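**Student:** Using the sequences plus the hints, can you model the full thing?
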Amino acid sequence: MMNNRMKDLLVVSIKYYLKVFGFMALLFIAFLAVLLIFGNLFDGGDTPSIRSMLTGFNFPLLFSAVLIFSQFDQGFLLKLQNGFARGQIFKNDFWMITLVTVFVTVLNRILHLSWLGSNPTYNGFFTNPLVNFFALFIISFLGNYLLFIVAESLGAFLNLFSKKIRNWIAILIVAGFLFVSISLFSGAAFGVGMLVSNHVIDIQMVETILNLTMSVLFGFNEHGAWNPLNMIVTMLVGSGLLTWLARFIIMRVQIHRI
Amino acid sequence: MTTIKIEHLNKHFHKQSGLNDINLTFESNQIYGLLGRNGAGKSTLLNIITDRIFANSGQVKLDGAVMHDNGDALSKVFMMSQDNLYQESTKVQNIIKTTAAVYDGFDQHLANELIQKFDVNVKTKFGKLSTGYHSIVKLIIALCVPAEVVIFDEPTLGLDANHRELFYSELIQSYSDNPRTFIISTHLIDEVANIVSDVAIIDHGAVIVSGDNESVLKNAHTITGPERELDQYCAGLNVIGSKHLGNLKTNYVYGPLNDDQRIPDTVSVESLDLQTLFIYLTKRKGELENDE
Amino acid sequence: MQFDFDSAEPIYLQVASQIEDAIFTGAFPENEQIPSTTEISKQFHINPATVLKGMNILVSEGLLEKRRGMGTFVTIDGQKKVVEKRRSKFYDDFILDLINEADKLKLNQADVLKLIQRGYQNDHN
Chain A
1 MMNNRMKDLL VVSIKYYLKV FGFMALLFIA FLAVLLIFGN LFDGGDTPSI RSMLTGFNFP
61 LLFSAVLIFS QFDQGFLLKL QNGFARGQIF KNDFWMITLV TVFVTVLNRI LHLSWLGSNP
121 TYNGFFTNPL VNFFALFIIS FLGNYLLFIV AESLGAFLNL FSKKIRNWIA ILIVAGFLFV
181 SISLFSGAAF GVGMLVSNHV IDIQMVETIL NLTMSVLFGF NEHGAWNPLN MIVTMLVGSG
241 LLTWLARFII MRVQIHRI
Chain B
1001 MTTIKIEHLN KHFHKQSGLN DINLTFESNQ IYGLLGRNGA GKSTLLNIIT DRIFANSGQV
1061 KLDGAVMHDN GDALSKVFMM SQDNLYQEST KVQNIIKTTA AVYDGFDQHL ANELIQKFDV
1121 NVKTKFGKLS TGYHSIVKLI IALCVPAEVV IFDEPTLGLD ANHRELFYSE LIQSYSDNPR
1181 TFIISTHLID EVANIVSDVA IIDHGAVIVS GDNESVLKNA HTITGPEREL DQYCAGLNVI
1241 GSKHLGNLKT NYVYGPLNDD QRIPDTVSVE SLDLQTLFIY LTKRKGELEN DE
Chain C
2001 MQFDFDSAEP IYLQVASQIE DAIFTGAFPE NEQIPSTTEI SKQFHINPAT VLKGMNILVS
2061 EGLLEKRRGM GTFVTIDGQK KVVEKRRSKF YDDFILDLIN EADKLKLNQA DVLKLIQRGY
2121 QNDHN
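Chains as they are written, first to last, in our numbering: chain A, 1 to 258; chain B, 1001 to 1292; chain C, 2001 to 2125.
Take the hints with a grain of salt, since some may be wrong.
[As the list claims (entries may be wrong)] In silico SDA-like links for lysine to any residue, alpha-carbon gap of 20 Å or less:
#1 A/K15 / B/D1265
#2 A/K7 / A/S70
#3 B/K1243 / B/R1228
#4 A/K164 / B/F1106
#5 B/K1218 / B/L1257
#6 B/K1097 / B/N1112
#7 B/K1097 / A/V20
#8 A/K19 / B/I1263
#9 B/K1125 / B/D1069
#10 A/K15 / B/K1091
#11 B/K1128 / B/F1118
#12 A/K19 / A/F31
#13 B/K1015 / A/L160
#14 A/K19 / B/F1118
#15 C/K2104 / B/P1226
#16 C/K2089 / C/E2101
#17 C/K2104 / B/K1243
#18 A/K7 / B/F1106
If you are wondering where the hints come from, they were derived from the structure by calculation, not from laboratory data. These numbers come from a predicted model, not from an experiment.
**Tutor:** Right under this line is the structure:
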């Protein structure tokens, strides 16, 4: 299936990711060292510890997603320059994302980090702990893959537009993100509280809608039977759709003359 | 043998002019000159050939196979483009290393030699280089890649006279050592006039002249004589421009002469060089108007 | 060697005549190797096929010969052949032109002969 050039390209991509990850690992170790010197590496009473920071913030996952998103355009141009077709570029990116997903999933399992895989309600559906572990691993894997393929699609999507428009979109996204988070953390919370207390918004209904959305997207069913298989099937379908979307976009990216 | 065939290619842009029914063939192992003024559509055409942008209609074929999204075909055609597709933060040596990694048979030996001759500091980041050295790095890579067709888009952009000289010498050396198809796209006709064996002149997104150098120039004439007799002789010929000096007039003619008509003694017919032919074929309204 | 690119003559003919000139003057001696196609091509930025075409004219005229695996050489009697060739063309290239021009200037045969004599005398003084 894979010809020599594709293998060569995958090796180049792997080396690139290893380099970036290695660099981040070094930074992280340095960061840990600083914290070790200045204090609270371990649980220290009321002050937030590194451990709680790690579990609260899935760093490897988010960093990888940002990396996949941000390196798309340079990677794409380089591959075009080196005579690769868009179909090959997609294939290469797909394998690369799969590898990164495996890496991040394993790392997160080691660090006991996972936004889904550690869900206590899914954990324990199977009586065999090994099957249980695998089910959760796959859920975790698919969850991470979904995030990465979205990052890839978004990176490709932005490259459909010229640099000027791309910058505007990026500014809009950042501005929107800031606006949402600021609203959430300040006035909005208060406002929603008011609305809820005045029965304008039925909090129960919001919850139902959220659950419904989640169950459609990820098979994350708050009131379901907690069968990981259901979730895996929905996630597989979602992954397939998003992978197809990523390919659809990549096949349409052109270079933009400066 | 690698032949690129362009069939009925059209490309429209919102603002700038695109391409208009381009039909061209690039045979193997020739040095082609793709000539045109700035904005004539040369880069657009080359970007479509290498599948970097899409045509609205028509297609490009390599040995009969459509090139669009064809990895096999695309790997055989390397383009040194005006656009920098390399990452600015990457060191030159790493750019070369990556290229060599994905092209089996990359000529590392030649690369090292050229790096020395052009005095490239390979430890510099690509983005830190001057325009001239951007071109040089891209040229070196293009000459060392084992592609059967190598396209140069304005190769000497930003190069000083010595480096231009060196580049064309190295191009010929590389061609002699390993004959393959070169397509040199440029608006500097004089530089390549004798190097290319075939030319295609593009203007306003259309091919206005194409063929091998010799047959193109066979049809290009400078005809000089007294105005009345000259105009009489040139009636019906494709006069692309003229110059006056008192009563003496020079007509530039592109196309076959009328063999049945005797050339008057006072009228002399000489050939026309590529540069002058190009200038008169691609002039815009208002340019060279003093000559009319 | 020198090339006049603005000249009306096709480049391959210029290549041939330049090499011929060099053989005539002895710059490329008989039975010795001349620069390769690539060398000439590189130096003057001329397409190698064009240079080859020019050289092949001289090969067919017997001024140059290709020796397998060694390169291109001036033939043993190359210089002699150039002289012969130029002598035979002397009438066409110079005498006919001379008479033509003399006619335009209304100089008759005696005038021209006299001028030729004067030329020889000046030359030998």
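**Student:** All the hints need checking, so say for each whether the structure fits it.
**Tutor:** Hints, verified against the model:
1. A/K15 / B/D1265: Not satisfied, since the Cα-Cα distance of roughly 76 Å exceeds 20 Å.
2. A/K7 / A/S70: 23 Å, violated
3. B/K1243 / B/R1228: Answer holds: B/K1243 to B/R1228 is near 14 Å, not above 20 Å.
4. A/K164 / B/F1106: Distance of about 36 Å is beyond 20 Å: violated.
5. B/K1218 / B/L1257: 10 Å, holds
6. B/K1097 / B/N1112: Holds, at about 12 Å.
7. B/K1097 / A/V20: 17 Å, holds
8. A/K19 / B/I1263: Outside the cut-off at roughly 75 Å; violated.
9. B/K1125 / B/D1069: Violated, at roughly 31 Å.
10. A/K15 / B/K1091: Holds, at roughly 15 Å.
11. B/K1128 / B/F1118: 17 Å, holds
12. A/K19 / A/F31: Given that 20 Å is the threshold and the Cα spacing comes to 18 Å, the pair holds.
13. B/K1015 / A/L160: 18 Å, holds
14. A/K19 / B/F1118: 30 Å, violated
15. C/K2104 / B/P1226: Given that 20 Å is the threshold and the Cα spacing comes to 18 Å, the pair holds.
16. C/K2089 / C/E2101: Within the cut-off at roughly 18 Å; holds.
17. C/K2104 / B/K1243: Between C/K2104 and B/K1243 the Cα gap is close to 27 Å, so the pair fails against 20 Å, i.e. violated.
18. A/K7 / B/F1106: Holds: A/K7 and B/F1106 sit about 16 Å apart, inside 20 Å.
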